[in-house]
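Those protein sequences? They're chains A and B, same order as listed. Read left to right, the first sequence gives residues 95 to 554 (our numbering). Read left to right, the second sequence gives residues 87 to 441 (our numbering).
Because the hints were derived from the structure by calculation, they are not lab data. Backbone N, C-alpha and C fix where the C-beta goes; we use that ideal spot for every residue, glycine too. Among the clues, some could well be false.
Claimed, not checked - Which chain B residues stay away from chain A? Per the calculated CB distances, all over 10 angstroms, these:
no., residue
1, Ala348
2, Gly394
3, Glu406
Said to hold, decoys possible - FRET-style restraints, in silico, Cβ to Cβ:
no., chain 1, residue 1, chain 2, residue 2, range
4, B, Gly347, A, Lys203, 25 to 33 angstroms
5, A, Cys475, B, Leu331, 26 to 34 angstroms
6, A, Val177, B, Gln243, 33 to 41 angstroms
7, A, Phe444, B, Gly114, 45 to 53 angstroms
Here is what each chain is made of, one letter per residue.
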Amino acid sequence: MTYTDTFFLVLFILMFVAVRALNGMPRLKETLIIVFSCLIIASWGLFGLAVFLVVVVINYISACMMQRIGSGRSRLLLASTIVIDVGILVAFKYMSFIDVNLSEITSIKMPRFSLGIPIAISFYTFHIISYLVDLYAGRIVHTSFRKYLFYLSFFPHVIAGPIVRAWQLIPQIGVRRRIRTDMMMGLHLFVTGFFLKSVSADNIAHGIDNIWQGTASYVLTAGDHWLVSFLYYCQIYADFGGYSLMALGMARMLGYRLPPNFRSPMLGASLQEFWRRWHITLSRWLRDYVYFPLGGNRQGKLWTYFNISVTMLLGGLWHGAGWGFVIWGGMHGLGLVIERLLGRQHTRAFVGRWIYWWIVTQLWITLAWIFFRTSSFKEACSFIGRMFNFRSSQNFYVHMQLIWLLIFAIPPLLHHLAPVFLRHLGRRRLVPFLGITTGTMIILSVLLVSPTKVFIYFKF
Amino acid sequence: MQTTRVRFSQFWWYMTLTLVSGILIAHGLGIQWLRVLPPKPRFSIFDRNYVGSYTRGSADHYLFRFGLFGMGEKIRRGDILLLGTSHTELGLSAAQLGSSLITSYGRPLRVFNLGLERGEGISFFRDILELNNTRDKILIADLYNGFGTKVSDYAQQARQADVLGAYIEVIQIWTDFVRDWILDGLLPHLTMVNDPAAPHISMTRFLNHTVIRSWKTGDLLEIWTPLDGAIYHGISAKFSCPFVLAQPERPSQDYSVAFQGAFPSQFLSKHNIHPVFTLLPFPKYDPRWASVQASSLGYPFIAIDPIGLRMLNGDHLNAEGRTLASMHLAQGLLAISNLTSAVKYSESYSDNPSP
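Let's have the full structure, built from the sequences with the hints guiding it.
So this is what it looks like as structure tokens:
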């Protein structure tokens, strides 16, 4: 069940009414949310729910045991539980990839699971690892199973993030609070996310998916290739950014706050800045649980570059079992290393310099998306090759079908400028403005035909 | 404090005002166009009818395979099951067959139409029969060539689903229909037409192609299209054309192999299932080929006389054509002497199910 499905919206409204009615009874309210969250996971396959519950129980038992045994043994228990968690993730998500690549060089055969990848496994694996590590490090206090299950299964984040830390969500469980703006801001965020996903991302996808699949009805020029890669950048932002806003909005309407996942990433003038704006919860997770434990930047320059590269490669691989994702991560890692070599990570540039670096950064990111999107390395290289094929003047031509799709790229681009605009709007006009934009987005979402597409990050 | 409250409530006022204005403007712009469109179909959810197929996909594939919402019971209780593609779905009437066979066997026979769109493959019907624990039946299978070893993408999706997923998928198809049924006629739906020469925005309806079937018999009750409305009953001459035979074309796939692969004789005898073959007319149909296929398997074949049949489109019969084809089939069934015992056995089994 996708969050833009009408049936989900109906269920969510019923859920919202029930949660409001049970506001005075937090335990009952949260139990209802847990049941609903499990239903959402199960809607993608009962097998997925079974795997989720098994992983949760294993980790909870491990967390309980860590509390009872000494520090030395709890370190061993922590390590072995993480190995089990990562092992389950690898078994379901990467076994086929490993098998294909191993069979290229050896005769070793790996077992494959025909049941497919359980929904949300990448996301909840990161959640449970962060809980265990934080518990071991004494950053959080061990909680009850009900709260633990609520934290992990909470439906706004369970399928595709944001990756929430235990200290961000668990303290909100069991607390009765009512903030007057929650409903208003929650609805606004939800509607904005829905609009970005269903109107922008899905229509762009509808227009360019055939190009990625190589089934376009016309010969593409170099100009077309540039526009398609830019449109994909807009699509993935509208898709994932839209989903994240919906998640924040739903959580807020139910009385919980989740951390934001995006902050105008297209305005990043360096890759470091980009990663502070794009999938923020993932980049923070990678920083805290991979980069820092590897040694971060405290072991000299070479080790720093190595640590950055490893972290970004793992970040790429986390997205999916494919070399395209690894190269995508590798390109970001390489870019971050080059930025450090050039000493760019802390500099505040003048406008001209900022524009120059903004262009360079965003071009690099756009090129990296091609590896993320295409199904093979060869295909990605061929696509990039055609982007730079300006041998004839005809290659500057851009087809009208693609230019037309820029209409759907306007909302995600405008969304990037929203923080600046809202800052200048002033507090007095903010609320009416939010009301008008929310109403406009609802009516446009209803009026405009949108092909239904599953969220890109639901696959991860 | 009071000022703050007023300010927050402004959000709801402005949002409602924008929504109402937007609805009124869209309605005003689209009203001229909406007024000339054919009426929308009957609201068909949890009625005697149901929506079998809508934009999102085919509910029938899930309903039949998993026997959802009592459909499994209807399949189990049926004396005769009609199997096949959309040719069967549109071209045979389970209700008519049941009532035609009433006099010969003392009570109306329970006939259920399992015809599925997208040229559904025979192996998917094996799934349906097995998962619904079907026994003691007469299967009437249409030998249309789309009905081969492969299955449609709808069938593949249904095979990947579990029961909960199947329920959710069916409800989602119906929810989409309800949503569009409510909005249709009230607002225009705007589509971006990516025409290479002149991309533009055009108005469409919320409701899309809808297939409505009967809960009781699985029979097709109506096909509704946005621009022509209800088309199945042939009110418009456009959807009621005489049958015209073209040059017969034999399918590349050997049907008998496909059928034996899905329904080996051990399976049929174990479940006391008796197949009967037919071939509903379509322009390139070849009844002689079909007859050979049936005899190679040793099962009876009932030919349908194409004279006087009315077609909905090139390949499918309309309601009028279905009446005639079902009559021919009923006559053919009555003429098959060895079928009597099978049906009688089926009848006694259905009335007194063994423990």
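Closest CB of chain A to the CB of Glu406/B still more than 10 angstroms away: Holds: least Cβ distance 35 angstroms, greater than 10 angstroms.
Gly394/B and chain A, when compared Cβ to Cβ, separated by more than 10 angstroms: holds (42 angstroms)
Given a hint of 25 to 33 angstroms, does the C-beta separation of Gly347/B and Lys203/A actually sit inside it? At roughly 29 angstroms between Cβ atoms, Lys203/A and Gly347/B fall inside 25 to 33 angstroms, so the hint holds.
Using the C-beta atoms of Val177/A and Gln243/B, is the stated range 33 to 41 angstroms upheld? Once the Cβ atoms are compared, 36 angstroms apart, the range 33 to 41 angstroms for Gln243/B and Val177/A holds.
Using the C-beta atoms of Phe444/A and Gly114/B, is the stated range 45 to 53 angstroms upheld? holds (52 angstroms)
Distal placement of Ala348/B relative to chain A, Cβ over 10 angstroms: Holds, because the least Cβ-Cβ distance between Ala348/B and chain A comes to about 22 angstroms, which exceeds 10 angstroms.
Outcome for the supplied range 26 to 34 angstroms, where the beta carbon pair is Cys475/A and Leu331/B: Between Cys475/A and Leu331/B, where Cβ atoms are some 54 angstroms apart, the hint is violated.
Hint violations for this structure: number 5 only, all remaining hints satisfied.
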